[in-house]
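Chains as they are written, first to last, in my numbering: chain A, 1 to 339; chain B, 1 to 400.
Check each hint, because a few of them may be wrong.
[Said to hold, decoys possible] Derived DSSO-like pairs: lysine-lysine, alpha-carbon spacing no greater than 27 Å straight-line:
1. B:Lys400 <-> A:Lys279
2. B:Lys120 <-> A:Lys144
3. B:Lys75 <-> A:Lys279
4. B:Lys125 <-> A:Lys144
None of these hints come from the bench; they were simulated from the model.
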Amino acid sequence: MNKRTLIFIAVALLAACALPLVVSNYRVFQFTLVLVYAIALLGLNLLTGYNGQISLGHGAFYAIGAYCAAILMDKFGVPYWATLLAAGALCLVVGFLFGLPALRLEGLYLALATFALGVSMPQLLKYHHLEKWTGGVQGVVIVKPNPPFGLPLNPDQWLYYFTLAVMIVMFVFAWNLLRGRVGRALIAIRDHHTAAEAMGVNTALYKSLTFGVSAMYTGIAGALGAIAIQFVAPDSFNIFLSITFLVGIVIGGLASIPGAIYGALFIQFVPNIADEISKAAPWAIFGIFLLGFVYVMPFGVAGAIRLLMARIARKAKNGPHTAGAPMAGKTQDSSHTAG
Amino acid sequence: MKRTFAPVTLIVAAALAASPVLAQKKYDPGASDKEIKIGNINPYSGPASAYGTIGKSIGAYFKKINDDGGVNGRKINYISYDDGYSPPKAVEMARKLVEQDEVLLIFQPLGTPSNSAIQKYMNAKKVPQLFVATGATKWNDPKNFPWTMGWQPNYQTEGYIYAQHILKNTPNAKIGVLYQNDDYGKDYLKGFKDGLGAKTNMIVKEVSYEVTDPTVDSQMVQLQSSGADTFFNITTPKFAAMAIRKAYDSGWKPAHYLNNVSASPGSVLVPAGLDKSVGLISTQYLKDPTDKAWANDPAVLDWNAFMKKYYPDGNLADASNFYGWAVAQTLVQVLKQSGDNLTRENVMKQAASLKDFVLSAALPGIKINTSATDFAPFESVQLIRFDGKQWVRFGEVMGK
Chain A
1 MNKRTLIFIA
11 VALLAACALP
21 LVVSNYRVFQ
31 FTLVLVYAIA
41 LLGLNLLTGY
51 NGQISLGHGA
61 FYAIGAYCAA
71 ILMDKFGVPY
81 WATLLAAGAL
91 CLVVGFLFGL
101 PALRLEGLYL
111 ALATFALGVS
121 MPQLLKYHHL
131 EKWTGGVQGV
141 VIVKPNPPFG
151 LPLNPDQWLY
161 YFTLAVMIVM
171 FVFAWNLLRG
181 RVGRALIAIR
191 DHHTAAEAMG
201 VNTALYKSLT
211 FGVSAMYTGI
221 AGALGAIAIQ
231 FVAPDSFNIF
241 LSITFLVGIV
251 IGGLASIPGA
261 IYGALFIQFV
271 PNIADEISKA
281 APWAIFGIFL
291 LGFVYVMPFG
301 VAGAIRLLMA
311 RIARKAKNGP
321 HTAGAPMAGK
331 TQDSSHTAG
Chain B
1 MKRTFAPVTL
11 IVAAALAASP
21 VLAQKKYDPG
31 ASDKEIKIGN
41 INPYSGPASA
51 YGTIGKSIGA
61 YFKKINDDGG
71 VNGRKINYIS
81 YDDGYSPPKA
91 VEMARKLVEQ
101 DEVLLIFQPL
111 GTPSNSAIQK
121 YMNAKKVPQL
131 FVATGATKWN
141 DPKNFPWTMG
151 WQPNYQTEGY
161 IYAQHILKNT
171 PNAKIGVLYQ
181 NDDYGKDYLK
191 GFKDGLGAKT
201 NMIVKEVSYE
211 VTDPTVDSQM
221 VQLQSSGADT
231 FFNITTPKFA
241 AMAIRKAYDS
251 GWKPAHYLNN
261 VSASPGSVLV
271 PAGLDKSVGL
281 ISTQYLKDPT
291 DKAWANDPAV
301 LDWNAFMKKY
311 YPDGNLADAS
321 NFYGWAVAQT
331 LVQVLKQSGD
341 NLTRENVMKQ
351 AASLKDFVLS
361 AALPGIKINT
371 SATDFAPFES
381 VQLIRFDGKQ
391 WVRFGEVMGK
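The following block holds chain B by itself, in its conformation from the complex (with noise of 0.2 Å):
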């Protein structure tokens, strides 16, 4: 053997970097008199890359608190990695951050997968995994994982509210459910379940479809046939177009629930057709930037003055830049609240003691409420309609 492995320790050796900031003694790991470390990890490359813009926003805002004096006099040091949606990344940049960047909290980090991948290692570390950017059930669980919570109304909160309208207004209802057969669909499935609670003999025709599957046309088919009057939509963008146009075309016309993942005119409702989309029902919690009707309200007038300043690449018409800059400040007023205790367990705890929390960004009436054993801020979403040109809100806001 000629070639020899001794560059090897050279590399190595020049592969290691700076060594550990050495904490101070009042605070956590990541606070101090100055400063306050967040880390954040998102995917800015890979698949999902369109959702990156989420984590340049809220660093944009924190700059801007920072620049207004920051957070109890101490300046937010945001870092934020790369893990190109891959599950094996997040768990290196999850520890990077704990161990080498000693953050005192990992904030925002996207995906279901990312999060269940990094979730183990947070709780065992003790280290706060606050407000991840999905919409799964499963981040509101403070018993096993009290130190993992959502932040989005998650997928059975939203079926459970579609289930309690039905039984308001439609207390007769047969209804056929469509979803995609993932962990996603069934999160919703059982929501909705739970929602009808004594009544899911309502349901009178549950199908499902795999992402694989070309059309969902037979399913619509058996949907119909089953005599439902009333369709919950649970599919992702692709599949839930089709299925407003079948359930159109085929002329069944039943009263439409669809899930909140595809309520986007631009990819679900226009290839569908608006006019098949008339009478829609979703639901909503923020705000939307682009809508008219909000083109006059602080908030977004707010928002709008905030992008130019500290963003002003992001895209206007990007719901993630806006949803990032509401997420942000969520997590300032926690951080305001926990005021010179900045320990990861004061954090956690001061997470889980938002009472009647506004959030300028949030529809009006739709407030984040948590508590030791409630780890799903959102809890309530406001029913939309769609006219045949945009969607519409109606009724009260609903909660579980």
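So that you can see chain A by itself, here it is in the shape it has in the complex (with noise of 0.2 Å):
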């Protein structure tokens, strides 16, 4: 990490931490559910970026972090930090228990199965053997925590403070996994999966740990989310809500870190502005915001946001040669883009 990045980091943790102080509780309530996103969307990204298995069933798994916190919460008056463990080890083992059957599958079987996975949940959720810990259609009501130790701060901001603390957490934690050995075995695996083997990577362990650690990113962020929006319904975790975390991945950028959180602004507000400009067809107005995204950065957020900065350092760096010489800056920008 080079010292600038790390500046960077700090000015953006400083942002973050402000960010409370300065706007509406229900601003801060926004920005407690893209924290959420951004967990679960790096999940999903450790899974999908790095390691190439397209899932379409995460929204499963973040139902069960909810279900898991909000039952824990409520049945059995467990304080919520601790549900956010349990919630984890569940979609850990839940989700390497579904790895390994998966395993077997490449690609776009992968993706049905997952698929499955996804629709049948709200379902699942709704059964009456299990009524009595999930509510049944009604869902679970669960409370909201208070700020400890007689903090001067509101729910609304101490909720997201935690959530940014846990954020940071698992975002070191993932950064840490994936730059080196882990990370390097993920992405031989990804790119090309019998030179992986041939190396010596252990690909049937190494992707069905993937699947239960991205599992149970999805699963803690699930949990937070519930303790956020304070209910857990059937009807909040439907096949939709998997979509959308693959929207999130491919427009904040597949197999970055950072990204994760672009991408959770994206699924976050992008819905909201759509419905503010037409309520006859939000979808459509979303549909083409995906577009265009899709169409002026192809690599995501995270990817154009890296291309700018090399451009920039570039820049920088040639600035007082190339300034009086525009057709040497232009040559080099397309032989970027080209690389």
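Using the hints, put the two chains back together into the complex; each one sits in its own frame.
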């Protein structure tokens, strides 16, 4: 990590910490959801972006995490922070187990298998033998946690800081995981399965573990989401949620850690903008946004920013020499785009 | 790590929009000398988007009210958001309406899941969640949720009324009940049993089905073999059609009560077979604008003129548009009654003080009544019987 990146991260963190103090509670709540989605998207990105396995069912893990938190809080009086650990552990196991048979499936077939998980989840949650815990169609209402130690914050602000802290931990963990041996193995499996195996990578183990870790991230996000929304119901976790997650990682940038944040901002705010533009066809407007993003930023927001930064850095370096020679600059740009 | 987080801050900053508006001293937030801000949440997208037209027809009616000079001189500023029938989105939109737009109240949020999701928040914030668009009975709970109120006759009321009718006309009936095994089905069943009171032993057989079941044939066989001669059919449209057909084809032919949820001729009776539906008994509370009997009724004529001028794209055959028009009038009445005291508390108080309020859209004899302990505006319905072509009203208006 170079010095400039560290400064950027520090500034971004400071801005994130200052945010709840300057905006309304409603905005704080929205940004809490952004942080929640960012964790979920990072989980999916581990699986899809880094390991090349497509999942259309991550909404199901989000739901499991959410219900785990809600049931533990509502029926067993477990403190909210402890439910995150339970939700993460449960989803890790479920994800790993689901990943084992799913290993035999490649590409689109895996997508279909996970799709099946995603579509069935809302109905499973309505299953009447589970009703005494899940509340059936009615769902479960939970209480919003108050700030501890008499901190001078309101519950929205506290939940935002709590979620931010969890997100930072999760991001650092992912970054640590991905920058070393494990990360290289994941990417090698994605890029050339056979070659990775020939290099001695245990692809079966890595793939199911990735599935488990990915599900764990999404499950923790689900638990945080449930605490922020204060309500879970089967209708909250339909298949569209899974597809939204996939949209989020592609828009944010595949195989990019900060991409999860950009993607989260997109899935949180763009549907609202679309709704404000047209009540008659909000999804058509959303579609136009989506097309626009895909067309203008083919590598996601993270990819576009990377290109932009690289260009600025080079301009700064070559500044004095090329400033007066636009032709030279142009050649450089086009060569870069080609690369 | 080469990628940077820096642009996140820019996006965050850009995502922040206008700051909240300051409220006037005399009123609660959302009300002033000039306007009354009314929030609404509707599924304009998603699985229930067919209901989105309710939000639009309400908006069209408020526009008409504003063109006619507003309510007590104040214009209605109607802000309606899409929740796509998703509870988390409903929470977000409710918070946006209350905290950012600072509406006086949220009117007609649609769907039981969405309303369940926001109920606690609305009551904690003490903002009216007024005339919600769902038939569940739990919205009538002024003790625990004094800021939430329903509107349409709830499931328990309807079940209660069928029970009353059976007690009056066939006191020796043996009743079989088929119900959907969820909160909706149980709500109806509870009302029905409350209506039977001490005589719940008239129910000789009670069977349920799951929404995921392919058919209800085996349940119908059980009911028939129980010796029941009266059938209360608590099912959603697909299963209602199956049950009606099976009850006829098997030769059972009981006295058949069908819940209002599945009273639609188009989606239930036609698939079941109109000849097999003769004699079905159900309920109504609003006029059916497509029914020829009401073709020259002043309310339906009014509505047609309104639709033509203010909502020309709206479908005249869609009962939801009629419903939206009707429920919006109820709110306007409450606002009129509130006069210049436009606090949330007073609006709720006025909503709970509707006395024999007659809505022209409602069937003759059906009035809205509320009190501090009764948050169920419509509590009476009209029984109707299917004659093979259409529903025909019979008997008196019945109430709880």
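Quiz item: Which numbered hints turn out to be false for this structure?
Solution: Of the numbered hints, just 1 does not hold.
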